[in-house]
Amino acid sequence: MKCFSRYLPYIFRPPNTILSCSCHTEADIISTVEFNHTGELLATGDKGGRVVIFQREQESKNQPHRRGEYNVYSTFQSHEPEFDYLKSLEIEEKINKIRWLPQQNAAYFLLSTNDKTVKLWKVSERDKRPEGYNLKDEDGRLRDPSMITMLRVPVLRPMDLMVEATPRRVFANAHTYHINSISVNSDYETYMSADDLRINLWNFEITNQSFNIVDIKPANMEELTEVITAAEFHPHHCNTFVYSSSKGTIRLCDMRASALCDRHSKFFEEPEDPSNRSFFSEIISSISDVKFSHSGRYIMTRDYLTVKVWDLNMENRPIETYQVHDYLRSKLCSLYENDCIFDKFECVWNGSDSVIMTGSYNNFFRMFDRNTKRDVTLEASRENSKPRAILKPRKVCVGGKRRKDEISVDSLDFSKKILHTAWHPSENIIAVAATNNLYIFQDKVN
Amino acid sequence: MEFRLEAHRIVSISLGKIYSARGQRGGLKLHKNLLVSLVLRSARRVYLGEPGGECALPPRPGPPPPPDCERLRRGCRPLASEAAARGRPECPAESPRKRSAAERDPAAGYPGKKPRREAEQPPPQEDMETGNVASLISIFGSGFSGLLGKERGAAEATEPGQVCCEQPVLRSLNPWSTAIVAF
Numbered sequence: 001m002k003c004f005s006r007y008l009p010y011i012f013r014p015p016n017t018i019l020s021c022s023c024h025t026e027a028d029i030i031s032t033v034e035f036n037h038t039g040e041l042l043a044t045g046d047k048g049g050r051v052v053i054f055q056r057e058q059e060s061k062n063q064p065h066r067r068g069e070y071n072v073y074s075t076f077q078s079h080e081p082e083f084d085y086l087k088s089l090e091i092e093e094k095i096n097k098i099r100w101l102p103q104q105n106a107a108y109f110l111l112s113t114n115d116k117t118v119k120l121w122k123v124s125e126r127d128k129r130p131e132g133y134n135l136k137d138e139d140g141r142l143r144d145p146s147m148i149t150m151l152r153v154p155v156l157r158p159m160d161l162m163v164e165a166t167p168r169r170v171f172a173n174a175h176t177y178h179i180n181s182i183s184v185n186s187d188y189e190t191y192m193s194a195d196d197l198r199i200n201l202w203n204f205e206i207t208n209q210s211f212n213i214v215d216i217k218p219a220n221m222e223e224l225t226e227v228i229t230a231a232e233f234h235p236h237h238c239n240t241f242v243y244s245s246s247k248g249t250i251r252l253c254d255m256r257a258s259a260l261c262d263r264h265s266k267f268f269e270e271p272e273d274p275s276n277r278s279f280f281s282e283i284i285s286s287i288s289d290v291k292f293s294h295s296g297r298y299i300m301t302r303d304y305l306t307v308k309v310w311d312l313n314m315e316n317r318p319i320e321t322y323q324v325h326d327y328l329r330s331k332l333c334s335l336y337e338n339d340c341i342f343d344k345f346e347c348v349w350n351g352s353d354s355v356i357m358t359g360s361y362n363n364f365f366r367m368f369d370r371n372t373k374r375d376v377t378l379e380a381s382r383e384n385s386k387p388r389a390i391l392k393p394r395k396v397c398v399g400g401k402r403r404k405d406e407i408s409v410d411s412l413d414f415s416k417k418i419l420h421t422a423w424h425p426s427e428n429i430i431a432v433a434a435t436n437n438l439y440i441f442q443d444k445v446n
Numbered sequence: 001m002e003f004r005l006e007a008h009r010i011v012s013i014s015l016g017k018i019y020s021a022r023g024q025r026g027g028l029k030l031h032k033n034l035l036v037s038l039v040l041r042s043a044r045r046v047y048l049g050e051p052g053g054e055c056a057l058p059p060r061p062g063p064p065p066p067p068d069c070e071r072l073r074r075g076c077r078p079l080a081s082e083a084a085a086r087g088r089p090e091c092p093a094e095s096p097r098k099r100s101a102a103e104r105d106p107a108a109g110y111p112g113k114k115p116r117r118e119a120e121q122p123p124p125q126e127d128m129e130t131g132n133v134a135s136l137i138s139i140f141g142s143g144f145s146g147l148l149g150k151e152r153g154a155a156e157a158t159e160p161g162q163v164c165c166e167q168p169v170l171r172s173l174n175p176w177s178t179a180i181v182a183f
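Taken in sequence, the protein lines are chains A and B. Under UniProt numbering, think of the first position of the first sequence as 1, with each following residue one higher. Under UniProt numbering, think of the first position of the second sequence as 1, with each following residue one higher.
Since the hints were made in silico from the structure, they are not lab data. Hints may contain errors.
List of simulated lysine-lysine pairs, DSSO-like, C-alpha gap at most 27 angstroms [to be verified]:
#  : chain 1 : residue 1 : chain 2 : residue 2
1  : A       : Lys404    : A       : Lys373
2  : A       : Lys119    : B       : Lys29
3  : A       : Lys331    : A       : Lys404
4  : A       : Lys392    : A       : Lys266
5  : A       : Lys247    : A       : Lys392
6  : A       : Lys47     : B       : Lys17
7  : A       : Lys47     : B       : Lys29
8  : A       : Lys217    : A       : Lys87
9  : A       : Lys247    : B       : Lys29
10 : B       : Lys17     : A       : Lys128
11 : A       : Lys331    : B       : Lys17
12 : A       : Lys401    : A       : Lys416
13 : A       : Lys217    : A       : Lys344
14 : A       : Lys417    : B       : Lys29
15 : A       : Lys47     : A       : Lys344
16 : A       : Lys87     : B       : Lys17
17 : A       : Lys217    : B       : Lys29
18 : A       : Lys87     : A       : Lys47
19 : A       : Lys416    : B       : Lys17
20 : A       : Lys417    : B       : Lys17
21 : A       : Lys87     : B       : Lys29
22 : A       : Lys401    : A       : Lys417
23 : A       : Lys417    : A       : Lys404
24 : A       : Lys392    : A       : Lys417
25 : A       : Lys47     : A       : Lys416
26 : A       : Lys344    : A       : Lys119
27 : A       : Lys217    : B       : Lys17
28 : A       : Lys217    : A       : Lys331
29 : B       : Lys29     : A       : Lys416
30 : A       : Lys344    : A       : Lys401
31 : A       : Lys417    : A       : Lys47
32 : A       : Lys344    : B       : Lys29
33 : A       : Lys87     : A       : Lys119
34 : B       : Lys29     : A       : Lys331
35 : A       : Lys247    : B       : Lys17
36 : A       : Lys395    : A       : Lys331
A few chain A residues that face chain B, going by a derived Cβ cut-off under 7 angstroms, partial list only [claimed, not checked]:
#  : residue
37 : Tyr85
38 : Glu90
39 : Glu92
40 : Asp196
All residues carry an ideal CB built from backbone N, CA and C; glycine is no exception.
This is chain A alone, in the form it adopts within the complex:
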């Protein structure tokens, strides 16, 4: 890292273009963002069921300032709205999660899911086409065999690059409740899908069966007290996964112990602080996201006001707690009224697990450096994102005299929320989804 700021080793700046639609409709709202394993590709899903994949430009000597920019690579409609006639329910086409498979050949594979159905998509390039068929002409029309006098061998000729996405597998009808997570196993043969009450294990090759590995549905639904909110496989141990609950707990399960992993191997929970109790204590303790660190040693959880880092070897409390926007604690009743308290923020690790990032309101997002204990608030907005400009840290004024450049809590725009962010697996490039806009920031290059 050549550049250091007062806050963090990285100074982020936006690329030349901000990728967005000019007219904002509900369907354009980005609902998930995910880099692939090399960081070459970035996928976004939206409420309209579309997936847009961006590809990083290769470095070129002619245009050095365009190094590493992301451009649209492929766009396809992943899910359509459906209607469940049996239950008289509409099934939203909104893409809840996208997860990439590691690349094993020239094609790219990703999983995308809505509330009910997971799909495996193959994204591949075509830049050559065969010419010179004997039995059909260039338009595809069959030739009259009696007119053929010569035999020729078709040759491959270059054509304009075409990227096509095809659905290779559809994993349907396995979830009664709404799917909130999918996670690819490190064995690259299986993956899991989690809904509010159950987690299913799938083999990529088999679509008409899945194994139920977690089931927390009570025999009597009146006794329901918690739901599953997120789940993820361990990055290296293919037998281990975690799932978080609406009660603020995390369970680590080992699939070797039994076929149905209702008994956890580890149970992570922090005792409630009685001084913070309110009508909304249960809501704000609900975990909205859980992520293993790249090393596999830690898990990070996000609840409404904090991000916590847990050591897998210590179950009774997290090793680190970061306040994302504690100034909202006194406003919980209003946030309950306008439904913001139900917003599900995600959290991400950087490639080296030294920095964690999560979103907030007013298009703010926060980064916490675990080593220096410094944190920074940045804003994703057009006004602040001129090309090659440096993002200025922002500050929320909690009380007392508001300094210049600070913003008061009451001025925050709660309709501008950053729920989804992603960090490049090895470089300091971040993708931030702000409603229907996608911002990609890179660290400064000297």
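Here the structure of chain A is known, so what remains is to put chain B in place on it, guided by the hints.
Just chain B now, with coordinates in the frame of chain A:
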């Protein structure tokens, strides 16, 4: 007193959310409705002055809250009279912070859990039961005062502190259980 006012407001807001959730695209969201139900339950307890209602409030200076708060937080029923009236098992007696193995393990007590493969057809028993929501809506259609009016009438016939759920009317007015049964 201001807690009761706030509780009243929160109950009204919560009922409105449950009501409007019915028309949402994509069907009822179990997670959100569960959270709303929990808030509704806490606020209702405070408003009606039920035992355990003070557990939902921020702590006041003075003696620490009773150990029952921990049970309630974990979703157990309040002790003694109500449990006896309902005839349901109480949570095992224990100190507030420690959890027994049975408490921690949600599978304990659910007999006969076997691994099963989900075939392509959805299991037929699993209905998102919407019938109960209709009755819930008709009750709440008269607003919070409608709920309160009926409940007061029923409560007068019983001892204070006892939630009378033998009476089918009051049972159907319990918004928390009904909202969950809707799933």
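Now for the hints, and whether the structure bears them out:
1. Lys404/A - Lys373/A: Since the Cα atoms of lysine 404/A and lysine 373/A sit roughly 25 angstroms apart, the hinted pair holds (cutoff 27 angstroms).
2. Lys119/A - Lys29/B: holds, 22 angstroms
3. Lys331/A - Lys404/A: holds, 24 angstroms
4. Lys392/A - Lys266/A: Not OK: lysine 392/A and lysine 266/A at ~41 angstroms, beyond 27 angstroms, violated.
5. Lys247/A - Lys392/A: violated, 36 angstroms
6. Lys47/A - Lys17/B: Judged against 27 angstroms, a Cα distance of about 22 angstroms means the pair holds.
7. Lys47/A - Lys29/B: Given that 27 angstroms is the threshold and the Cα spacing comes to 16 angstroms, the pair holds.
8. Lys217/A - Lys87/A: holds, 19 angstroms
9. Lys247/A - Lys29/B: At roughly 16 angstroms apart (the allowed maximum being 27 angstroms), lysine 29/B and lysine 247/A satisfy the hint.
10. Lys17/B - Lys128/A: violated, 56 angstroms
11. Lys331/A - Lys17/B: holds, 18 angstroms
12. Lys401/A - Lys416/A: Holds, at about 25 angstroms.
13. Lys217/A - Lys344/A: Measuring from Cα to Cα gives roughly 22 angstroms; hence the hint holds.
14. Lys417/A - Lys29/B: Roughly 20 angstroms separates the two Cα atoms, so the pair holds.
15. Lys47/A - Lys344/A: holds, 15 angstroms
16. Lys87/A - Lys17/B: holds, 21 angstroms
17. Lys217/A - Lys29/B: holds, 15 angstroms
18. Lys87/A - Lys47/A: holds, 22 angstroms
19. Lys416/A - Lys17/B: holds, 22 angstroms
20. Lys417/A - Lys17/B: Cα-Cα ~21 angstroms, so holds.
21. Lys87/A - Lys29/B: holds, 14 angstroms
22. Lys401/A - Lys417/A: Holds, because 26 angstroms separates the two Cα atoms, which is no more than 27 angstroms.
23. Lys417/A - Lys404/A: holds, 23 angstroms
24. Lys392/A - Lys417/A: Given pair lysine 392/A, lysine 417/A holds - Cα atoms ~18 angstroms apart, limit 27 angstroms.
25. Lys47/A - Lys416/A: holds, 16 angstroms
26. Lys344/A - Lys119/A: holds, 23 angstroms
27. Lys217/A - Lys17/B: Distance of about 24 angstroms is within 27 angstroms: holds.
28. Lys217/A - Lys331/A: violated, 33 angstroms
29. Lys29/B - Lys416/A: holds, 22 angstroms
30. Lys344/A - Lys401/A: violated, 32 angstroms
31. Lys417/A - Lys47/A: holds, 15 angstroms
32. Lys344/A - Lys29/B: Between lysine 344/A and lysine 29/B the Cα gap is close to 13 angstroms, so the pair holds against 27 angstroms.
33. Lys87/A - Lys119/A: holds, 22 angstroms
34. Lys29/B - Lys331/A: holds, 24 angstroms
35. Lys247/A - Lys17/B: holds, 20 angstroms
36. Lys395/A - Lys331/A: Holds, because 18 angstroms separates the two Cα atoms, which is no more than 27 angstroms.
37. Tyr85: violated, 12 angstroms
38. Glu90: The hint holds - glutamate 90/A has a Cβ within 7 angstroms of chain B, the shortest such distance being about 6 angstroms.
39. Glu92: holds, 4 angstroms
40. Asp196: holds, 5 angstroms
Going down the numbered hints, you'll see the structure goes against 4, 5, 10, 28, 30, 37, while the others check out.
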